[in-house]
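These protein sequence lines are chains A and B, in that order. Here the first sequence stands for residues 722 to 855, where the numbers follow this note's numbering. Here the second sequence stands for residues 399 to 718, where the numbers follow this note's numbering.
Hints are computed from structural coordinates only; laboratory data are not their basis. Some hints could be false.
[As the list claims (entries may be wrong)] Cross-link-like lysine to any residue pairs, in silico, SDA-like; alpha carbons within 25 Å at most:
#	chain 1	residue 1	chain 2	residue 2
1	A	K745	B	K651
2	A	K745	B	A501
3	A	K745	B	P454
4	B	K659	B	Q531
5	A	K745	B	G494
6	A	K745	B	S485
7	B	K614	B	A674
8	B	K610	B	V633
9	A	K745	B	A503
10	A	K827	A	P796
11	A	K745	B	G489
12	A	K745	B	K614
13	B	K443	B	S634
14	A	K745	B	F487
15	A	K745	B	T488
16	B	K659	B	A674
17	A	K745	A	P796
18	A	K745	B	H500
19	B	K659	B	I584
20	A	K745	B	P453
21	A	K745	B	D482
22	A	K745	B	T624
23	B	K610	B	S561
24	B	K659	B	A703
25	B	K659	B	Q433
26	B	K651	B	A503
27	A	K832	A	A790
[Unchecked claim] Label-pair restraints from in silico Cβ distances:
#	chain 1	residue 1	chain 2	residue 2	range
28	A	A850	B	I668	52 to 62 Å
29	A	R742	B	E596	29 to 39 Å
30	B	T642	A	S829	55 to 65 Å
31	A	A850	B	R701	44 to 54 Å
32	A	K832	B	G504	20 to 30 Å
33	A	A850	B	G455	35 to 45 Å
Treat the numbers as computed from the prediction; the structure is a model and nothing was measured. Built from N, CA and C at the ideal position, the CB exists for glycine as well.
Take a look at the letters that make up each chain.
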Amino acid sequence: MSGRSFIRVLVAKPGLDGHDRGAKIVARALRDAGMEVIYTGLRQTPEQIVEAALQEDVDVVALSCLSGAHNYSFPRVVELLRQQGGADILVLGGGVIPEEDIPALKQSGVKEIFTPGTTIQAIVEFIRAHAIQR
Amino acid sequence: MLYKDDLVQSFLRGDMRALARAVSMVEAGDIQAEQFLAAVAREGKRARLIGITGPPGAGKSTLTAKLAESLLDRGERVALLLTDPSSPFTGGAILGDRIRMHAIAGRSGLYIRSLGSRGSLGGLSRAVPPIVQLLENFGFDAIILETVGTGQAETDVVETVDSVVVVTVPGLGDDVQAMKAGIIEIADVFVVNKADREGAERTARQLEEALKLGPKAVPVLATIATTGVGIAAVVSSLDAHYQTMLADGELAKRRDRRLRKALHAYAASIVSVRLAEWVEEQLTGHWADIDSGRIDIYTCGRRLAEKFQKRGVTSNVRED
Ligand code: B12
Ligand SMILES: Nc1nc2c(ncn2[C@@H]2O[C@H](COP(=O)(O)OP(=O)(O)O)[C@@H](O)[C@H]2O)c(=O)[nH]1
Ligand SMILES: [Mg+2]
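Based on the provided sequences and hints, a complete structural model is requested.
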């Protein structure tokens, strides 16, 4: 399959969470690292996020959640992607996420979780190392 | 991952996931993309292409969503191509137009794709014409293209669509003289959006005055895209414009021009790659003469071009 020369990322905020600073900072950082970032805005259901990811044919779905709804929304996004032919898309999460929730989230298929204080550099490097570019 | 033959089959079956993969392939622009386009080509019905342009923040995305909704409501299949500028330095981009699509996202018969301006000088991505062809072959009735009204976007959009909607807002267009040169000429429909704000009527009247001097009758319509006020009038103006173009042959003319331009550009891109390689070959061993100024690059360039053309003819003859 032909590859494109850049990484395409969907940055999405699932649920009713209105904290968007982190998501916007991450979006800008990825843009500055040469990636193409699709930002879908606040209050998206997992279904809407997955549909956007598939129509936009992204390599990465980056979920940001500070409201505490991550235990439902993150695994649900992974599950829907798998059902709809997007199993090869890298799913990442970030935001205010308690340490003890992280193992189960990773178990569900979220590749990595980035909590407050994470450097932009670490996020960019992780994506470059793990995105399966199509 | 879907491989190419499966991809053709899925595409022809109407699978939007296959369409999304195909758009990426075409955007990457390799030889496989050319083969894919050939495999899914079909005769017959074409889509109606509508371009929306105007300054950032004018409400183009909001308006695009409302127009798409009206077309979907009457049973049309609609594709949206939403373009935002890419950084000329890193190639990166934030494509945020989807934020305005929440009300329609998820409707059946709708495909939404965000595109960076990658590789063009502030205009439309070079991949737009082949992507439009894919969308037409997929069976969409209407394709709406949103562009940012900066750089080359206006010239590009005119050469890419059937009807151009130029969006402006009160205040911004207060002084019509100050509007970007050329923007008045390209509009088939003018929209003064944010009509809930002061000065909308004045802006509309000024535009009407300015447009009277032009060669064609262009409607100026006031809208409030956030609430949907005035959208029905935009849709009927676009319908009327389309019917007029169908009747007077303008539609065919615009399509011909568009196809010719894309065809020329593609052929030229292939030749220019070959030419560049060949010129480099020819230059080996002679660079010192150019570097010292003994041979000037323009004389040399003409000689090489003429030699390349002759070589082109003989190699064709040999192939026959
Ligand atoms: C600023 C802030 C607000 C602002 C938000 C402004 C905005 N537009 O974003 C305002 C004042 C509006 C606000 C409101 C509320 N807030 Co508040 N808020 C915060 C605060 C202090 C900082 C958040 C922030 O912006 N951080 C800066 C950004 C850059 O960091 P970040 O988002 O964490 O992102 C970093 C990483 O997490 C990671 N990252 C984040 N997302 C992603 C995604 C990916 C894919 C990747 C790779 C990385 C990544 O990278 C970033 C860089 O390091 C936090 C406390 C805290 N220390 O986090 C509380 C906090 C998030 N808020 C909280 C609460 C409860 C609320 C309210 C419900 C309060 C209320 N009762 O009204 C409301 C709800 C608002 C809503 N509609 O959702 C709680 C949430 C509790 C929970 N999770 O259980 C917190 C944790 C405070 C607390 N300790 O109680 N809040
Ligand atoms: N008051 C008002 N705001 C509008 C109207 N249409 C769009 N907006 C707002 O203008 C901002 C920019 O809209 P957007 O569609 O993203 O503009 P674009 O950059 O031209 O695509 C958003 O906050 C919209 O909600 C309108 O008719 N009236
Ligand atoms: Mg827009």
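Each hint, compared with the structure:
1. A:K745 with B:K651: Outside the cut-off at roughly 44 Å; violated.
2. A:K745 with B:A501: 22 Å, holds
3. A:K745 with B:P454: Cα-Cα ~19 Å, so holds.
4. B:K659 with B:Q531: Cα-Cα ~13 Å, so holds.
5. A:K745 with B:G494: Holds, at roughly 11 Å.
6. A:K745 with B:S485: Holds, at roughly 17 Å.
7. B:K614 with B:A674: 44 Å, violated
8. B:K610 with B:V633: Holds, because 22 Å separates the two Cα atoms, which is no more than 25 Å.
9. A:K745 with B:A503: 21 Å, holds
10. A:K827 with A:P796: Holds, because 9 Å separates the two Cα atoms, which is no more than 25 Å.
11. A:K745 with B:G489: 18 Å, holds
12. A:K745 with B:K614: 44 Å, violated
13. B:K443 with B:S634: The given pair, whose Cα atoms are some 21 Å apart, holds under the 25 Å limit.
14. A:K745 with B:F487: 20 Å, holds
15. A:K745 with B:T488: 18 Å, holds
16. B:K659 with B:A674: 22 Å, holds
17. A:K745 with A:P796: Holds: A:K745 and A:P796 sit about 22 Å apart, inside 25 Å.
18. A:K745 with B:H500: 18 Å, holds
19. B:K659 with B:I584: 18 Å, holds
20. A:K745 with B:P453: Measuring from Cα to Cα gives roughly 22 Å; hence the hint holds.
21. A:K745 with B:D482: Holds, at about 16 Å.
22. A:K745 with B:T624: It holds: about 23 Å lies between the C-alpha atoms, which stays within 25 Å.
23. B:K610 with B:S561: Cα-Cα ~19 Å, so holds.
24. B:K659 with B:A703: Within the cut-off at roughly 23 Å; holds.
25. B:K659 with B:Q433: Judged against 25 Å, a Cα distance of about 20 Å means the pair holds.
26. B:K651 with B:A503: 34 Å, violated
27. A:K832 with A:A790: 18 Å, holds
28. A:A850 with B:I668: 52 to 62 Å: This hint is violated: roughly 36 Å between Cβ atoms.
29. A:R742 with B:E596: 29 to 39 Å: 33 Å, holds
30. B:T642 with A:S829: 55 to 65 Å: 56 Å, holds
31. A:A850 with B:R701: 44 to 54 Å: 50 Å, holds
32. A:K832 with B:G504: 20 to 30 Å: Given a distance of about 26 Å, which is inside 20 to 30 Å, the answer is holds.
33. A:A850 with B:G455: 35 to 45 Å: 37 Å, holds
Of the numbered hints listed earlier, those contradicted by the structure are 1, 7, 12, 26, 28.
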